[in-house]
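Start from chain A and add chains B and C according to the hints.
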Amino acid sequence: MSKKFGLFGGLLGLLAFAPLVFEDYGLGLMIGIVSYAILAQAWSLFSGPTRYISLATVAFYGVGAYVVAVLNEDLAYPLILLIAVGTGLVMSLAVGIATLRLAGVYFVIFSFGLAELVRQLITWYEVNVSGTLGRYIFLPFEARHIYWMLLVLAGVTFAIAWWIRNSRTGMALRVIGEDEDVASHVGINITRTKLLLFAISASLMTLVGAIQAPRWVYIEPSIVFNPTVSFLTVIMALLGGPHRLLGPICGVIPLFLLFEWLSANFPNHYSILLGGVFILIVFLLPKGVLEFVDRFRLGGAAK
Amino acid sequence: MLTTSLVIGLVLGGTYALAALGLTMQYGVSRIMNLAYGEFVIVAAFATFVLVSTLGLDPLLSLLLVGPAAFVISYAVYSVLMAPLVKRSRKGGNLEIDSILVTFGLLFLIQGILLVIFGADFQSYSYLNVAVDLFGVTIAANQVLAFGLATVLGIGLFLLIRFTRWGLILRAVAHRPDNAPLVAINVDRVAQLAFAFGGMLAAQAGVVISMFQTFTATAGVVFTMKALIVVIMGGVGNFLGALIAGLILGLVEAFVSAYLDPGLTLASTYLIFLVLLLWRPQGLFGKSVS
Amino acid sequence: MTDRRRVLRTTAFAVAALTAATSLFTGQSIASADTVRIGYAVSKTGPNSAGTGITTIPNYVLWVKDVNEAGGLKLPDGSRRMIEVIEYDDRSSSEEAVRAVERLAVQDKVDFILPPWGTGFNLAIAPLMDKFGYPQLAVTAVTDMAPKFVQRWKKSFWFLGGGSDYSKALAEILGSAHKSGQINNKVAVVSVADGFGIDLIKSARPAFKEAGLELVFDKTYPLGTKDFNSLLTEAKTSGADTFVAFSYPPGTFGMAKQSKVLGFNPKVMYLGVGVGFPVFTKIMGPDVAGVMSLGGVDPNSQDFKDYAARHTAATTNSPDFWASSVTYASLQTLQQAIERVGLDRDAVAKEISTGEFDTILGKIKLEDNQLRKLWWTGQWQDGSFAAVSPNSRDGASSVVIPKPEWSQ
Chain A
60 MSKKFGLFGG LLGLLAFAPL VFEDYGLGLM IGIVSYAILA QAWSLFSGPT RYISLATVAF
120 YGVGAYVVAV LNEDLAYPLI LLIAVGTGLV MSLAVGIATL RLAGVYFVIF SFGLAELVRQ
180 LITWYEVNVS GTLGRYIFLP FEARHIYWML LVLAGVTFAI AWWIRNSRTG MALRVIGEDE
240 DVASHVGINI TRTKLLLFAI SASLMTLVGA IQAPRWVYIE PSIVFNPTVS FLTVIMALLG
300 GPHRLLGPIC GVIPLFLLFE WLSANFPNHY SILLGGVFIL IVFLLPKGVL EFVDRFRLGG
360 AAK
Chain B
16 MLTTSLVIGL VLGGTYALAA LGLTMQYGVS RIMNLAYGEF VIVAAFATFV LVSTLGLDPL
76 LSLLLVGPAA FVISYAVYSV LMAPLVKRSR KGGNLEIDSI LVTFGLLFLI QGILLVIFGA
136 DFQSYSYLNV AVDLFGVTIA ANQVLAFGLA TVLGIGLFLL IRFTRWGLIL RAVAHRPDNA
196 PLVAINVDRV AQLAFAFGGM LAAQAGVVIS MFQTFTATAG VVFTMKALIV VIMGGVGNFL
256 GALIAGLILG LVEAFVSAYL DPGLTLASTY LIFLVLLLWR PQGLFGKSVS
Chain C
5 MTDRRRVLRT TAFAVAALTA ATSLFTGQSI ASADTVRIGY AVSKTGPNSA GTGITTIPNY
65 VLWVKDVNEA GGLKLPDGSR RMIEVIEYDD RSSSEEAVRA VERLAVQDKV DFILPPWGTG
125 FNLAIAPLMD KFGYPQLAVT AVTDMAPKFV QRWKKSFWFL GGGSDYSKAL AEILGSAHKS
185 GQINNKVAVV SVADGFGIDL IKSARPAFKE AGLELVFDKT YPLGTKDFNS LLTEAKTSGA
245 DTFVAFSYPP GTFGMAKQSK VLGFNPKVMY LGVGVGFPVF TKIMGPDVAG VMSLGGVDPN
305 SQDFKDYAAR HTAATTNSPD FWASSVTYAS LQTLQQAIER VGLDRDAVAK EISTGEFDTI
365 LGKIKLEDNQ LRKLWWTGQW QDGSFAAVSP NSRDGASSVV IPKPEWSQ
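Residue numbers (our numbering), protein chains in the order written: chain A, 60 to 362; chain B, 16 to 305; chain C, 5 to 412.
Hints are computed from structural coordinates only; laboratory data are not their basis.
Hints should not be assumed to be uniformly reliable.
In silico DSBU-like pairs for lysine-lysine, Cα to Cα no more than 30 Å straight-line [claimed, not checked]:
hint, chain 1, residue 1, chain 2, residue 2
1, B, K241, C, K223
2, C, K286, C, K78
3, B, K241, C, K152
4, C, K69, C, K271
5, C, K78, B, K241
6, B, K241, C, K230
7, C, K190, C, K223
8, C, K271, C, K377
9, C, K172, C, K135
10, C, K309, C, K69
Derived coverage of chain C by chain B (criterion: at least 3 residues anywhere in the stretch with Cβ under 8 Å from a Cβ of chain B; other residues may be distant) [what the hints assert, rightly or not]:
hint, stretch
11, 153 to 164
12, 199 to 210
13, 233 to 239
14, 262 to 275
15, 338 to 348
Just so it is clear, CB atoms sit at the ideal spot from N, CA and C, and this is done for glycine as well.
Isolated chain A (complex conformation) (with noise of 0.2 Å):
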């Protein structure tokens, strides 16, 4: 056990090294490689077990820029984090109470449906209360800095993953995840631990848009609320097999890279190769998808 903790560490502390190593530009890389790693892997870490597929992702992605973005002026920056964790767990835990008991692909839609309705109110609460849309970050923080700081919070949430699958609570999971109505026979408080789940993984995506955001100098809500990183973070865990440990980032390096390689080389037809290169995976590749499906039923609506 140690041995691989000791690997682990030692893969940490090298990547600490990157910036040493890489100019700006693969430094960026990098950084958008983890920050996606970190949101697949809080992913999965709620939507392995339970198969719930969830959209959103941007919801807490985009409140921890926005608290940034707010605060940024006023409060030291170790504190506006502590404040942006505590944002998205207040906030996942109000929204899990009332929406845990959905199933499959109504899940799937309203967490789509919250994530736009935290912009709109955002949105809202900005143009009449606060009176300004738009705010600006303006951080000392270089590319290396932040991409330090998501390096401990990548560790942290591969901690957070390995722990869970090695606990009580992890066994619970994938009891649910089999079926629920056996779980709740057991005596599995099922409430109570997707919620657990769920607050852990919003909380974790939560801080990765707020280490992320002073990169952006400018913030508004059309900014940080992009869906696109919703579906990202979902088709790049479910390449990968949400239900591994290793599986996100199994499927975040390469896709990453893919996304990053067409649209340098090919930007007048990047949607088209991208949409090619999809479908060709699912169809030659369904290994990714197919491990992933033996045990990631969509709930009850795939029966």
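For chains B and C alone, kept in the frame of chain A given last:
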């Protein structure tokens, strides 16, 4: 004031319902979660635009051309992309996930092709953009047309499904795909026809909507999302549900705009959707899955 | 424990893949010495692609074509070098825009970087442009903060003014029309709830008040709204002679179309972004007459006419009447600065900041790194979007109030 909001809301809701009918068919019967649905709507809008601006065709006539064309194309799309997945799903694959991934790719593919052909510019033409008086409320004729079409199709399809043999077959495939073959129903074929028919409905919505809305190559996603919300709200596979859900959304938007704050229109439609889903997790007219 | 072996294997694979991929991506592209490399990352897909495709990309394409057909960019020693373009798609995401600029600066080592479309994206890349020492000629970024940004990023240039410039110009027009009895003092305003709309309405409120106008209807609507029947019906019954919408396309188009149907024909109709787009005349036909918006051009300027003809020939679309010509002028500024001082980016930035340039907008000289000689308000008159404010400037047309009735 009240009548004004009522009429405006109903007409707007008609558009939402119209854009959702095809999806409720595709998802309800064929069980294909088509994320590229909105792209079918947009392609039809572009096709109409081309027919109108190059051949000078009347948009209503193009309905007769674009609709059947969409049927054929959707039929082919199903053969090429969906049928192998359906086959695979019998051997332990998951049709819902696979179809989400494939149609996600299809979404980008279609969007990319539209971008290359038409560029990113806004497209628009005017047709039936004349005032009609509806209970003392002035409204555009093209929007009334959309509302009328939605109502007729919505109720018509509902009755068709409810009371005809064809409808019985569709319902059998939708609710008991495993048992349907026992009564000599060719599930694959019915699913394929339903998918194609859904594509045709999407195209007809696209033709009518293009008469009054400006559209771009990248506007499809918005239609998909709105349609999904309407479909889920109304209960998957239920045409009457989709019609009513669409109308509810339109009414909420109109009344919030008039009596509360126009800034909250979109927030309130999402809120209504979320609340309704919590109250009835299977949608307004959905059958409980369990 | 097989689990551990799998973890090990996967980790090894991940590290190897990451290293291989990163080195693949960070491979240097070789610059050939006899071209000038110009890079840009713009939104070719996603929600920003429409605006980018109308205002930004066509002008980049046209400018490169114009320069290369003339034999290339002229340098101080009289030699000419062809432009080599490196373009990326930022997919309408700030994060991608930031990374693309890093790539252009560090990997491709381009000589100059042209900005993306939109205020938010220009601000997102500003710190990096500054860090890497590239002058940033921000055109499609309307912000009242420009003077502050110039302090922060010394090589940033702002070509399109701020929201308050536009709203004050409008208030002035409306104020004097009211004084001369052409319109009543009531104004109905709607604004889109995004950075642009809110910037404008915020500065418009005090400006209108100062001009003796009363806001009888003042609402915002969410971005993405497609139906304006409710809003327009209320504006119509508000008793205002003036309807102002700080709107974005396609909302602008929807409002124009629906106003026509509703028979909502205020004496002054001012709509936001999109009125100057070529498609607007297609949508409205002869009914564009009298509609006002931001920007405008001098309809008698031969320079603009030539430019519009070239633009139409090169990109199959005519330019928009607000930011298109300014975008092209910003590129001419860059071109002439290079001709005077060469490819040294510091020197070019200094030259842009202090020099005077001969562009399709006439002679321009930046003040505090900002282009201030702009048209703030335009109005459709006789088939062209004529500039009406500032009315003291040469080439200004006089504003027509009330606007003509809708044709039907």
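Verification of the hints:
1. K241/B - K223/C: holds, 24 Å
2. K286/C - K78/C: Between K286/C and K78/C the Cα gap is close to 39 Å, so the pair fails against 30 Å, i.e. violated.
3. K241/B - K152/C: violated, 41 Å
4. K69/C - K271/C: violated, 43 Å
5. K78/C - K241/B: Roughly 53 Å separates the two Cα atoms, so the pair is violated.
6. K241/B - K230/C: Roughly 12 Å separates the two Cα atoms, so the pair holds.
7. K190/C - K223/C: Roughly 15 Å separates the two Cα atoms, so the pair holds.
8. K271/C - K377/C: Judged against 30 Å, a Cα distance of about 28 Å means the pair holds.
9. K172/C - K135/C: Since the Cα atoms of K172/C and K135/C sit roughly 35 Å apart, the hinted pair is violated (cutoff 30 Å).
10. K309/C - K69/C: Roughly 18 Å separates the two Cα atoms, so the pair holds.
11. 153 to 164: Contact hint for the stretch 153 to 164 of chain C vs chain B: violated, 0 residues under 8 Å.
12. 199 to 210: violated (count 0)
13. 233 to 239: holds (count 5)
14. 262 to 275: holds (count 5)
15. 338 to 348: Not satisfied, violated; 0 residues make the cut.
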